[in-house]
Structure formats: C-alpha cells, structure tokens
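Using the sequences provided together with the hints, build the complete structure.
Below, each chain spelled out in residue letters.
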Amino acid sequence: MAGPSLQHPSSTPPNPTEVAQLEEPLTPLHQPLLHESGLKHTSGEARYVDDLPSPPGMALCLVLTSPHAHARITRRDAAKARAVPGVHAILFAEDVPGLNDVGPVIHDEPLFAVNEVQFMGQSVGVVVAESYDACRAAAKLVEVDYEPLPAITTIDQAIAQGSWLSDPHVMKRGDVDAELWKSEVKLSGEVRTGGQEHFYLETQSTLALPEEDGSVRLLCSTQHPSEVQAIVAHVLHVGRHLITVEVPRMGGGFGGKETQAAPFAAMAALAALKLKRPVKIWLNRDQDMAQTGKRHPFMTRYEAGFARSGELKALKLELFSDGGFSTDLSRAILDRAMFHSDNAYYVPALMFTGRVCKTHLPSNTAFRGFGGPQGMAVIEAIMSRAAEVLGLDPAELRAKNFYDDAPRNVTPYFMEVKHDRMPRLWKELLASSDYLARKSAIESFNASHPHARRGLAITPVKFGISFTTSFLNQAGALVVMYADGTVQLNHGGTEMGQGLHTKMMAICAHELGIPPASVRAMTTATDKVPNTSATAASSGSDLNGAAVKVACETLRARLQPVAARLLGVPSESAGDILFAGGKVFLRTRPELALPFGKVTQEAYLSQVPMSATGFYKTPDISYDKSTGRGKPFHYFAYGAAVSEVELSGLTGEHRVRRVDILHDVGASLVPTIDRGQVEGGFIQGVGWLTCEEVLFDAKGYLLTHSPDTYKIPAFGDAPLDFRVQLLEDAAQPDVIHGSKAVGEPPLMLALSVVAALRHAVTAFGRPGAHVDLKMPCTPEALLNAIEAVRSV
Amino acid sequence: MARPARELIRFEVNGDWHELAVEPRTTLLEALRYVLKLTGSKQGCDKGDCGACTVLIDGRPQLSCISLAMTAVGRKITTIEGLAEGNRAHPVQDAFDLCGALQCGFCQSGMMLSAAALLADNPRPNRDEIKQALSGNLCRCTGYTQIVDAVEVASGQRDVPERDERPTTRRK
Chain A
1 MAGPSLQHPS STPPNPTEVA QLEEPLTPLH QPLLHESGLK HTSGEARYVD
51 DLPSPPGMAL CLVLTSPHAH ARITRRDAAK ARAVPGVHAI LFAEDVPGLN
101 DVGPVIHDEP LFAVNEVQFM GQSVGVVVAE SYDACRAAAK LVEVDYEPLP
151 AITTIDQAIA QGSWLSDPHV MKRGDVDAEL WKSEVKLSGE VRTGGQEHFY
201 LETQSTLALP EEDGSVRLLC STQHPSEVQA IVAHVLHVGR HLITVEVPRM
251 GGGFGGKETQ AAPFAAMAAL AALKLKRPVK IWLNRDQDMA QTGKRHPFMT
301 RYEAGFARSG ELKALKLELF SDGGFSTDLS RAILDRAMFH SDNAYYVPAL
351 MFTGRVCKTH LPSNTAFRGF GGPQGMAVIE AIMSRAAEVL GLDPAELRAK
401 NFYDDAPRNV TPYFMEVKHD RMPRLWKELL ASSDYLARKS AIESFNASHP
451 HARRGLAITP VKFGISFTTS FLNQAGALVV MYADGTVQLN HGGTEMGQGL
501 HTKMMAICAH ELGIPPASVR AMTTATDKVP NTSATAASSG SDLNGAAVKV
551 ACETLRARLQ PVAARLLGVP SESAGDILFA GGKVFLRTRP ELALPFGKVT
601 QEAYLSQVPM SATGFYKTPD ISYDKSTGRG KPFHYFAYGA AVSEVELSGL
651 TGEHRVRRVD ILHDVGASLV PTIDRGQVEG GFIQGVGWLT CEEVLFDAKG
701 YLLTHSPDTY KIPAFGDAPL DFRVQLLEDA AQPDVIHGSK AVGEPPLMLA
751 LSVVAALRHA VTAFGRPGAH VDLKMPCTPE ALLNAIEAVR SV
Chain B
1 MARPARELIR FEVNGDWHEL AVEPRTTLLE ALRYVLKLTG SKQGCDKGDC
51 GACTVLIDGR PQLSCISLAM TAVGRKITTI EGLAEGNRAH PVQDAFDLCG
101 ALQCGFCQSG MMLSAAALLA DNPRPNRDEI KQALSGNLCR CTGYTQIVDA
151 VEVASGQRDV PERDERPTTR RK
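Heads up: the protein sequence lines correspond to chains A and B, in order.
If you use this note's numbering, the first sequence corresponds to residues 1 to 792, in order.
If you use this note's numbering, the second sequence corresponds to residues 1 to 172, in order.
Honestly, the hints are just simulated from the structure, not real lab data.
Since we're looking at a predicted model, the values are computed, not measured.
Hints should not be assumed to be uniformly reliable.
[Said to hold, decoys possible] In silico contact screen, one side only, chain B against chain A (beta carbon under 10 Å); selected entries:
#1 R3
#2 R6
#3 I9
#4 W17
#5 A21
#6 P24
#7 G44
#8 C107
#9 Q132
#10 T142
#11 Y144
#12 V148
[Said to hold, decoys possible] Below, computed lysine-lysine pairings styled on DSSO-like, alpha-carbon distance capped at 27 Å:
#13 A:K40 / A:K80
#14 A:K186 / A:K172
#15 B:K76 / B:K47
#16 A:K711 / B:K131
#17 B:K131 / A:K40
#18 A:K276 / B:K37
#19 A:K400 / A:K172
#20 A:K186 / A:K711
#21 B:K131 / B:K37
#22 B:K47 / A:K140
#23 A:K711 / B:K47
#24 A:K316 / A:K418
#25 A:K80 / A:K140
#26 A:K276 / A:K418
#27 B:K76 / A:K40
#28 B:K47 / A:K699
#29 A:K182 / A:K427
#30 B:K37 / A:K40
#31 A:K80 / A:K276
#32 A:K80 / A:K182
#33 A:K316 / A:K625
#34 A:K400 / A:K418
#35 A:K172 / A:K316
#36 A:K172 / A:K625
[Unchecked claim] Simulated restraints, written as ranges between beta carbons of each label pair:
#37 A:P609 / B:A21: 40 to 46 Å
#38 A:A447 / B:D58: 52 to 58 Å
#39 B:Y34 / A:H237: 40 to 46 Å
#40 A:E653 / B:E129: 17 to 23 Å
Note that CB positions come from ideal geometry on N, CA and C, so glycine has one too.
See below:
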C-alpha cells in the first residue's frame, strides 16, 4: 500500500515550529484533501445526536400520530395515559404557548393537529416519558376519536377535485399553439415521476437542553439551524435569542432535514421547557419514513413540436406536483422544475404552466435537485421519444437542440446562457466514452442475443445555481484566531457528509496561508453565525466559502502591519506582505519569512483584534414570478453521462454495465470531495429512476415504510465500470476560487440510464414502436414496456 | 412500569470482559450503545436491512439490532471502537479514509467491520467477492465504488488512488 500522500485536515497536531517548515504544497486549495471527519468516522468516535451522552434526567419522546389520511378529531382524552408510571407529560396543541405551526414559508402546517388530521402519520401530540417503554404504554392509552373524511391520495384525484396548494405559475414565449400547429412532427403525452424517500442513514433527531433565563439549546440533525431556531422560537413564543441550535453533524440530509427537522425539534424544545429537563426525540426508521415528506411526485402533460430534422420548435407543458397536505417548500420546488424543463435545450416557443396539488399525504419536501430532476425527466423523455419517432440518433438530436449563439441563448425565463460548457463537454465525453463504436457493438449484440438487449445513451445536465428565492443567497462566517496561530472556523453551512467543512477549511487555510491542520471547523451553531440560509440548493460552498474568504481577508489586513513591523518593512508596503505555507513574508523577499504563529502572537501583544466576520451575497440575481422573467441563477453547472445497460427480456431486470461521466465543477476546490459528490449523486438518481418506489395504498397508508419494502441502491446496483472525470481548465468567473456547485447536478446524470433502458426496450420490438416506459424503471415497468413493443 | 426481570450476562467486547444486566428482549445493539456507551455501532433501520449495526461476534459479521444481547453470552464481540489494535489502525480504517470511501459516516462502522471480516477470511478478494460480502450494508452517500476501491487498497491489491490523475489546478 502506497504511503498516504494526502493531507488530513485534522491529522497533524498544530505546531507553530513545524508549520514554519511547511513549504509544499503552498496551498491546500484545488488539491486532493481527505474528509475532515475521516479519522473520526473510521475510528467510530464521530458523534451524531443520538450518540451524545444522555444528560441526567433526560426524557424521551414518542409522537402520537393520526391513523387516518383525513379525518375530524371528535374527542381526545389522555387522562389514563398520563397516569402511566414514568410518563412526564403528554402534550397537545393547547400546550403550545406560541404559534402551533411549523410551516417554513406559509403557516399551513400545525405542529399538533387541532380539529382535523390531514395525513396518516400526522402528529396529534407527543408523549414524553423516562423510557420508550413508558412512552409506548402511554401512547396505547391515549384516546382519540376520529370521524373519517374523504381523502385525496393521488395527483389525478387532486386535479379532478381542484385541490391546490398554489396558483398556476406560467412561463411563456411566442405563440406556442401556432408553432405547434405548424410543426412537422407533433408529439403529446404525459410523463410521471415518482416520489423518493431520502433514506438518510441517520433518522431525524434532536436533543433539547433547557438552560438559564428560559432559554433552550438544541443539538439537532438539521440542514437549516436558523429556521429551526425561528420556528422553535415562535412555537415557544420567545425571542430567537433564547434559542440556540447547534448541528454536531448529520448522517445524511439530501434535503430531508431542510424544513422537516423543525417539527421534531419543536416538540423536544416544548417538552424541555415545560418539564425543565433535557428531552431527546429520535425517530426510528419506520416512524421517520411515515411521518416525513419525500421527493415530490410529478405528472406532466406535454405537447411538443419538432421539425423532421430533429429541431424542437415548440413545447407546451402542464406540470402538476404532489405537495402533500401542506405547502412546505412545494412552490419553490415546482418553480425549479419549471426552470429545468428546458434542461440544456433551446425552446423557441413555449408555454409552461405549473401547479402544486394538495393531497392527504405527508408534506413533500426538498430532495437533492429540488424539482430540477422532475423537470428534466420530462424533456429527456420527450427527446428520447422524438429520436425514436424520427428515427434519428438520440445523441445527435439532443446536440442539435443545445443552447447556442444568440438568439438561441435565452432560457424560457429570459435569462441569457453564458459560459455554456455543454458543446465542449458533450464532444469530449462522446470521444472519451467511445460512444459511436460501442453503439454499433451493441447493435450486433442485440441482433444475436436470444433474450437480452443492451442500450446506450448520453444525456446532458444544465443546472441553475442559486436559491431561486433571491434573498436567501447570503452567508456569513466567523473566523477566530488565537495567539498561537491556530484558528477556529465558523460558517453558516452544515456538514451532512458532503465535505463542506473540508472545503471551508481549505479556503480558510489558503487565505491565511496556513496548513489545514491549524484550522478547526466548528459545529454549525446559530450563536456563531446568525440568520443563515439552509445548506441546500448546492450553494453551501459558493456562499459560505465566499464569506469565509472575506473574514480571512479582514484578518490578513490586520496582520499585515504587524508583520511589516516584525520584518522591518515600511508600513506603506504592508499590503505586499503574503501569507503562504505557514509563513508570512514580503512578496519580494520570501527568504525573510516569519512563522504565522509568531505574527499572531505579536498581533495579540499589540492589541490587534483577532476575530472577524465575513459576509457574502450573490450579486445580480432576481426573478419576477408574475411575468415569468428574470435571472434567477448566478450561473449554470454542466455535466453529461453515457450509460450502458443490459436488460433481460425474461425478467425485466437490468444491470448498469458501464457509466462515463464528465462533470463541470469549475476549478474544483477539493477534487476528492467533488468526485464523491458526483458518484454518490449519480447513484442516488439511479435509485430514484430505477429501484426506489414510494407506494401508498388508496387509504393513504405508506406501504414502503422501511428498507424491507423500499429498496435504495446497494452494492450490486452500482455500475460495473464507473468512469468519472471532472472537466479540466474550467474555472468559473465570479465564484469562489473559480469553483462550481456540485451537490445536486450529478443526480440528474442518472437520466442517461433511463434513456439507455429505452434504447434497450426498443431493441425488443420493431423500429419506431412506441415505448411506454414508466419511471421508476422497475423490472415490472420494464417488462410491461418490453411486452408493449413486442406486441406492436 | 413493571419491567421484565433482568439477567446478569458476561461477554467480551473489544478485548475487555463486561458484566451487565439486561432484559431478555434487550438487543445486542441496545446493550452496546446504551449500556456500554459504545455508540460507534448505529441503528439505521432496526430490522436487519441496512447493516449500520454490524459488529463481529467471534469474528463473524452479525447484525446487532436483530441479535439479542443474551445470545452473545461468553462470546467475543468486536465493534468499530475495537477494530484498531492499540494505536495501529486496521488497514480497512486507513483505506476507507484515504480512498474517500466515506461521506456522512453513518454506515461506516458496519461497512468496515464487514470488510474486516471478509479480509480475515479472504485476504485478496476480487471485486465481486467484495460486493457480495458487503451487500448487506447500505450506503446512501458514496455510490459504493470508492468503498470497493478501499477494500482493494486495504487488501494490498490497489494503491491509494493516484490523485494526480484528477484535475488539480495550482494556485494562480
């Protein structure tokens, strides 16, 4: 085994004298770097909320949930339950001193149901007791009578009954009906995509600690500590200054802990304040899956007009998402689906209309891609179908429709596409994946194999980066320097495994010219950086990284005059003093270098302030929903994938044989971390599109509430041959150190697997046979599609 | 509440003998996490489907969430906290770290114990054997490829990935 050639941000104890000797590499930025928590994870010492030592007197919680999808509550009696030994409290809506609501944007989501329940699993109350045994015993004795009401459990029922959570959002350009009428080839149909359970390995959990002055400290597994703080404060009817939320780390988030950690945190905080004792809430897997929302299922009706040459002329879409019982983030998710209904293609004439359906199901929520995948799945299905109908190579047809020079450079929401990487990326990937040769090899295979067919496809991803609610694009950092030259780094982003802390440490170390081992990333907490946005929308590195940089620049500017004095440099040259490799030196005289720790020690003695905040807001973004026009994104992230599958005509099972990905992360901040995001995001997308099927029965009962019925990808589902490359020489202007966001975009590369499966399905029938392949492409869906093309 | 009678049991965990009082229905995972405070073993699904609770019992990987503590009486249990020998990390631990085979880390301990058990049996497994041996451990973050790579690294069949192959841009 080769010796470890990588730096571990926390592997070396900081030592000022050693720091001074460090010469290469001069910066940890754009270099491979190990995960900041790697040693803690591999040794088992990394602590998640449920691993924290139980404080004395700690009570536990069990949420009382609705057994009906929709019902009126007619009676409630907890007297017998309260008498169970070990029970501390049973709390209902009337025990909430403030607002009984946890809706993040709109107050339509009660913490505890009052007169009506609106999904099976909705919280009616919470039992707080000394043990789970006591919780369960008491829960059985809580009497709640319900009068069932008719429930809406599908998008189709919601449309038929006019059950909505939003008004229509419209984007339009040109006269779409006239252009459709004129088109040489007109396609129409509907595309459905299913829900997806986040299946973060660590379920929702919060430990609430009551402290002095009626304050509460929450240790919470959440992507959005500031929102948890705000919601807990209004539930408790106290100022936010009395609530501190700290995130030790998360065992995965994927969007599922953006808004939906808040209700459970609020229950624990409420109980902690009432009982004046620590309270922990932790959901087991089945509870978590039944009580929390998932990726929004979508149903989209389309009409598309093409020229025989394959050029898309007009596109009319009606998007309907299943929001579940409350609004949560559904409107923004629908918006993002519409913003990505073009994917990488120019659409000359269009009308997109989107609306969120209200159903009696858990409130669907953020999930990696945030509607983007649902929007892109539709246009990619249309592109595949157009190629089948027109008898064109799907790769050529796609490339023909890419954004191009003006006027073909304007999105459906009138944003100009700049720095378009797609043509270059597409060409490089077609070549490196050997697409054409493999395609003809597959045709030979398909012509000769008795019962299996292979498919090959390349699909693009263009993903808009920024929160589409423009004001959210802000971030803060607090960098604290000690006299010995070591640094504590606080920023507003949360660590859910994605490596954000590692990237922030690299930026901080780079700006101060010190090794990452001298920087310690602190747990994210609302008492360090206030009013933060969620770590979401792939924005964590862009926003927080820029804020960290600003804070470090402030500190550097304060240290320069100190170093100038020590170096005997005139104060007017202080601005030429550099910080690199753990040393501080004048640009022109690097041989006279001071250890960073010596400068900080001198700064302390000279009464120089040693901490600084940094703040960043994304410039130049805005969107007007009423006109469907604006520039909602700072830039676009690009990628493309070539997938090859083999499909059995006997069982409908498939294997992903090989995947080639070329992804644009700009000048990667930490390439090892980005590679992990690309690979993991892709597989998560493959899961959504092939093996993960969220199923509710007609009464609104979640049939797939644990891994025994809900299948996320396992080892056997990873591609047999997986080749991931990051696009080279791709620095992005106006983003932190030329990098680009990477969290969500790779998920949508998985659409190449669906396109490849369609290719394989077509090979079972006559050319041009209509392929009706449902997503997720389970063996059942694939077998149905195969049977359909065979019978034509 | 009336609680079922507890029984005193003894087993060896990470080289130390422990005596603890458990109820007959206490799972091994509960005993490890909440009695012995060894929280490296995780509860991911509580029904033996995700593998996050995997520990070694007499060297064999077992799902501690569906094993009763009493069935481990007199046996030798290894958790992630005991995988290293003193200060020397097990090769699997180093390899997972160096290969980036981890993100959120929650599946990590179970994954590494399954891998360690495989290597004890089969010091040079091929990729299919690695996938087979680890197929009971779910990971939601990594996409698995880097985990298979890590086990190959731990078994000396692969060098730590040559990071220079990947695009790195030097400071301007």
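Checklist entry - Failing hints, ascending? => result When the structure is compared with the hints, numbers 2, 3, 4, 5, 6, 13, 20, 21, 26, 29, 32, 37, 39 turn out to be violated.
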